[in-house]
Structures are given as C-alpha cells and as structure tokens.
Amino acid sequence: MMRKPLLWLPMVLGLGLFVLFYLGLENPGQRIINSNVIGRELPEFSTQVAVEGVEPVSSENLRDGNPRLVNVFASWCAPCIQEIPVLLRLRAQGIEIDGIAVHDRPADISRFLAENGNPYRRIGLDNEGRSQLEIGSSGVPETFVIDREGRIVYQHIGIVTEQDIPEILARLGGTG
Amino acid sequence: MIAEAGLAALWLAAALTIAQLALGVLGLRRAGEGLAEAIIPVSVLQALLVTFSFVCLVTLFMRSDMSVLLVAANSHSAKPMIYKFAGTWGNHEGSMLLWVTILSIAGATIAAFERKLRTDTKVATLAAQAAIALGFYGFLLLSSNPFERIENVIEGAGLNPLLQDPGLAFHPPTLYAGYVGMSAAFSFAVGALVTRDVGPEFARAMRPWILASWIFLTIGIVAGSYWAYYTLGWGGWWFWDPVENASLMPWLATTALLHSVTVLATRDGLRAWTIMLAVLAFSMSMVGTFLVRSGILTSVHSFAVDPERGVFILGLLVFYICGALALFALRIGTVREGSRFDLVSRESALVMNNLLLTVILVVVLCGTLYPLALELANGEKISVGAPYFNAVAGPLAVILMLILAAGPLLRWRTDSTKKLVDRIALALVSGAGAALLLAVFAGDLGILPYLGLVVAAVVGVASVAPLWKRNLRRTPLFTWGMVIAHLGCAVSIVGMASESAFTQENLVAMEIGETQRIHDFEVTLEDVREAPGPNYAALEAVAVVRREGAEPLRMVPQLHQFSDPVMQTNQAAIETYWNGQLYIVVGDRSIGNRFLMRLWWKPWVTLIWIGGLMIALGGLLALLGRVRRDIVSRKPAAPELKGAPA
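Just so you know, the sequences run in chain order A and B. When we follow the numbering used here, the leftmost residue of the first sequence carries the number 1, and every step to the right adds one. When we follow the numbering used here, the leftmost residue of the second sequence carries the number 1001, and every step to the right adds one.
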C-alpha cells in the first residue's frame, strides 16, 4: 500500500493547505482600523442642527471641560437601535453623551429618537461624513471617550453592550 | 408557516440523504441487488424536497417576512423586488442552501438519466454525492439555519450596495452551478476509484458535467470581469483580486480536466491524471468558495462569518478532499495503466496543455495565499498584485496558446513533425506578418501585449484550420465547439493586448462648460447634478460627446453614495463603438467648482468579453454535440438500468 509514497504527495500538500487555512481562521489578524487621532487634539469640525432646539456637536463645544462620550449613529442603522438602551443607562448614571448622526435626515432622526429613546445631550447632523472622518470613525455605531480637554482617549467600534460598560467607565474615569 | 415548512423539508431531505448514502454503501456490498436500485428514487425525492425548501426561502425574501432572522438581516422592505429575490442567496445561509439545492438536483439528474456507467460505479457515484450533500445539510441545520425566527421585527439591514446590480444578482448562482458541476465530476471520480472502473465509459459519463460546469464558470468569470469593469470605475477588467482568483483557479483546473477527459474518453489514456484533475478542480472550487466566504482574505466580496462556522466548513473540506486524495493514493496503483502515445501526438499536446494550465494554477494559488502565509509567519501585511501575476502567468499563457494552436492539428497517438509544420504553416505565416506589421507601425507597446497580438494571429488562423477541406455540414457539433472556443481565445487575447497597449487616458478636473479631448472625441461637461436613486444619493455628470461626422451624444456617469451601509460606488458611462469603448467616470467634487473626470478611449476592449462568450458558446456546442450523440447511440442498445424514472 505504501509502495508508492509519491502518490501520497497530493494529500500531504492538500493537508498543508488546510493547515494554513485553519491558522488563518484562528488568527484573524488586525482587521479593525483604529482612529489615528486617539490621544491627540480633536481636529476642527462642526455639524448641522439635527433636531430643532438641540445644540449640534462641534470640536469647539467638546472642549468645554466636561469628559463625555460621543456616539456616531444613524437612524437607518439597525445595530444603533440595539445599543440605545445601554446608552440610556449610561446617561441615567450621569454620563454626558453627544450624538453625531451621519448621512441622515432630521425627520428620520426625530422619529428614531421618539421610538427608541434619546440618550443624547447634543445632536449633530453630518450629511457628508466630514466630522466622522475627522474623528477617525469608519462606520456606525462607534463610540468615543473624550476627555475634558477635548482629546479622544478611547474608541469603541460597534455596538456598546452591557459588557463594555466597565471599560468605558474606566476610560472615562481615567480622564480625571 | 412557510419558514417552518421549509425547515421541515430541509430536515427530511437530510434524512433521505442519509438513506441515499446507506443504500449506496450497502448496495455496493451485494453488487447490483435490489437495494442499489432504490437509490434512484431516493436521490430524486431528496432533490425535490430541498428544492421546495429553497423555494420557501425565496418566498420569504420576496414577501419581506421580517420575522425571519435571515430576511431581517439581509433584506430591506424598501428594496426593489429583483434584489429581494436575489437577496435570497446574497448571504451566507441562503447561498449555502442554494448550493446544496443545485447539488441535489445534479445528483437526481445523474440518478435518473445516466446510463453509460456500470451500475456499481453509478451507485458509488451517487453515494459520494450523498456524502457531500450530507456535510452541507449538517452545516445548514446545525450551525446556519436559514429559517430561524426572531422576536423583534425590524426594517431589515440591507444588501451590500456593490451587490445591488442586476448582473451581480445572478453572478453567484452561475458560479455555483459551475462549482456544483465540479462536485458531480468529483463524485464520478470517487465512484470510479471505489469500483476501480476508470475507463472511457466513465470519462464519457463525466464529460457532460465537466462541460456544463466549465460553461457556467466561463460565463461567471466573463460576467464578473465586465461587472468589475463598469462598476468599479477603475477602467480595468481584471484586478487579480483574491475573489477573481478564486473563480479563475477552478476554471483553470476544469479547463485542464476538460482536455484530459477527452484523452481518456477517446484514447483511454491519462487515467490517473484525469482522476487527479477531477479532485483538483473540485478542491479548487471549494477552496475558492471557502476563501471568499470565510473572510480570511480581505476583499470587497467578503462575508462576515464567525470562526466556528469557518472551522466547520474547513473540517468538511479536509474530510472530502483529503479523503479523496487518500483514496487516490490507495487505489490508483491498482488502476490499469491506460494506452500509450508518442511524443508528437495530440495526446502529447494535451498533456502539455494540462501541465501548463496546472502550473498557472499553482502560480495563481501561491500569489493568492502568500499574503496569508506571510501575515501568519511574521504579521507583515502585503498584497500580491498584478505585476507578479502578469509577469509570471503572462509568458506561460503565451506558450499555452502556441500549444493550443498546434494541438488540434495533430493526430491521435502518433504523428510526424513535418506534417504538423505543413498544417500549421499558414498560421505561422500570419503570426510572422503580425509581428512585422506591429514592429513597423505600432512602435513601442510592451513585450507582453506585442507577444499577445502575435500569438493571437497564430491561434486565430490555426484554430479554424481543423475545418479546412472538411464537409462543414457533416462536421460534428463538438468540433465546431472546439474551433469556436479556440478562436474565442484568440479574440479575447486581441482585446486584452490592445486594451493594455493602446488605451488613451485623460484625467482632468473640469469646470462646467469646459471641453476636453480624448482620442478623436470632444467631451464637454454640461452639468453636474444630484440624482437620488431608490436607496442611494447620486451625483451625476452630464457630458456631451462630439465626434466629427456624428450626432452629439450625451453620456451620464454617476457616483453613488449609499447610506445603508455607507459606501461609494461608481457607475461609469460607457459608449460602445465598433472599434472600442469610450469610458467616462465622474469623481468627487475636487477643487472649488471643478469636478474630477476620467476619460478613457479603450480600443477593441469589448473583444475581451466577446472572446470569453465565444469560449462559453464553444463549450455549449460541444455539450450539445456530445449529448446528441449519446441520445442517438443509446436508442438501439438496451439501457443498463431498468425502471429509471423519466
């Protein structure tokens, strides 16, 4: 049976290939692109009014001396709905959250907030995604921890879940 | 209700597949007894059930039933109907269900209509088919249930906007049909290894499946290439993206198999090699699917799949492919060696064709996987691009084409070099003529395009040579198929070489009212305006194109901005002329009120896809020719299996 070892070569090569794939699966590598503005001054940006009577978000009013969270969301984003209850809980704990709605419409934003609850103090509308680019976000939802000088100290990509609260609180606490 | 019915049908189909496998294994033990015959109705019933299950899923998508998790996660109630329909397979679970559906239909077709094979080989083939299907049923039912319900109904998440394109909606099914055809060939190979029945009858039974699969793969590649050309807005037609390579690799293996199976069917040669290629072609189609779907290589096509599922699929692949290769190692020594042939013979040319195709396949595979291996080894991230692939695969393809020119002009078993030279002389003369003309008139066009055009001249003439001095009415359909497919290669190469050597490009920031020249066209930017679509915002540029002696023409390239998810795509405006295409792309607003425009004149570029379609058409003619001959030759002889359902 083993008289022709060469005949087993294809199987050995095939097995080698699959080992490579397995290792590739187990080590997904760095796929998430972190903001390169972490630890730096916020670049200048501003947003438009999203909800009548609510102040929009800008780089200037993020430097007002309060540490806070900035949540990038959109009314058309299903995962954003899922994280609202967690954000509401954070707000109930006294944490200030500002929201930036990207590629959105004021009417849709108002409906979104009426249906799901409003955890935000300020809400800005960013239709071109400029401010999103400036703070180094590449999708929705994303949540940033901003210190009292208006610097980004932490970036959370994806939905904020119950499990993420301690990390976020720790980062927020670390801002002094 | 529909979801539950679909799920129930899926479970039943899976149970029948177990029966199919068991009947096969038991039937082989007592060769040809009653048990083995029962495998036929079981295969057919299994296929009917899974088809029903798939229809259920399609219905759920068409009705936007958001209580089904898969629909909610991948569809949107505001989506146009055609994309709701196509959304069925635009996701992981749905595409797996489509896959297993096509697989089972293929199995049922073999069960009901295949009559060339020895009964035991057919039973073994169907058992192998059941083993493959079973793995995918297990995968669907245990870890990727497409019919899962959810509690909270939401609006739906959407489909990757790049995939919202009518051409692309039908791209995956085409490729799947191709891949599944390969699984049939694979099952035939496993069946033949089990019963040690590797011979011309086996090759003739397997050949239509290979041909059909190859036609689908060819069309899939041609369509994918054209899609990339008009929607990515980069003006290129092939990017050596991992996903393109994943569709090219099985095509290369299948092309090799198609030619080697002909040697086996006609001359009873290349037995072991044909079996090996059948396993390789199936492996490549599976590896291709896996690479694309698992997300281990980064590409626009990646689906997010959790690692657990990836490991499940990988386990299945290891089992099937390494199992088949182990069976190959154990059994192939006992398969009698096939007929021999001389160095100068058609067999010999086909062997060289096979070796070159396989080498190109290895080159592409290495280039595709090297970034993965390197990242694992030292964390370095690189991508292997066109320079590598063109430099390595290009020259090999040129040699391959020269063999393609000579092969069909050689006789089976033995021939003389002198006679070959006589037959190919005219083709060589036309090649020399092209070489001379290009050197004098075309100037510096780069070595590969130059060689490409010369080789195309040789192949173009040589490929029609088999029709000389023949009564064209009595020429068999599959000979026509070969001629047209080979001619298609020449046509396609002319397009590729010309696109790469003669393309003119003008990249400008244009103001409204400004006019720019490209080739002999004058392009005036008349207006730039918003043009919202059903689920995207768009910027469109209105360009008026004037050419001497022709009516002015409006071309409207668009830039689409999708919000769900956020993504930009380009819709190039393309105008086709008999001798090329004018290709205009609008970019983002650049400086002040100037807009970035890319104007291209691409001479003969359409030949790339026309040639590709000719190759597919050649395959279709060959398939029809073979099937017709089978039907004609079957009539007088009694079929081996009685009572097969029609």
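A portion of the hints provided could be inaccurate.
[As the list claims (entries may be wrong)] The calculated label-pair distances, taken between Cβ atoms and stated as ranges, are: (1) B:V1398 x A:L6: 27 to 33 Å; (2) A:R111 x B:T1515: 53 to 59 Å; (3) A:I38 x B:G1236: 31 to 37 Å; (4) B:W1234 x A:Q82: 56 to 62 Å.
[To be verified] Computed from the model, here is a short list of chain B residues facing chain A with C-beta under 7 Å: (5) M1066; (6) G1315; (7) V1318; (8) C1322.
Please keep in mind that the hints were generated in silico from the structure rather than gathered at the bench. Virtual Cβ for every residue (Gly too), placed ideally from N, Cα, C.
Comparing the hints with the structure gives:
1. Taken as a hint, the range 27 to 33 Å holds for the pair V1398 of chain B and L6 of chain A, whose Cβ atoms sit roughly 31 Å apart.
2. A hinted range of 53 to 59 Å is violated for the C-beta pair R111 of chain A and T1515 of chain B, which are about 47 Å apart.
3. For I38 of chain A and G1236 of chain B, the Cβ-Cβ distance of about 36 Å falls inside the hinted range of 31 to 37 Å, so the restraint holds.
4. The hint said 56 to 62 Å for the Cβ distance between W1234 of chain B and Q82 of chain A, and at roughly 36 Å that hint is violated.
5. For M1066 of chain B, the shortest C-beta to C-beta distance to chain A is roughly 11 Å, which exceeds 7 Å, and the interface hint is violated.
6. The beta carbon of G1315 of chain B is not positioned within 7 Å of any beta carbon in chain A (closest approach about 9 Å), and the interface hint is therefore violated.
7. A least Cβ separation of about 5 Å between V1318 of chain B and chain A falls short of the 7 Å threshold, and the interface hint therefore holds.
8. Interface restraint check for C1322 of chain B: the shortest CB-CB distance to chain A comes to about 5 Å, inside 7 Å, so the restraint holds.
In summary, the structure is inconsistent with hints 2, 4, 5, 6 from the numbered list given earlier, while agreeing with the others.
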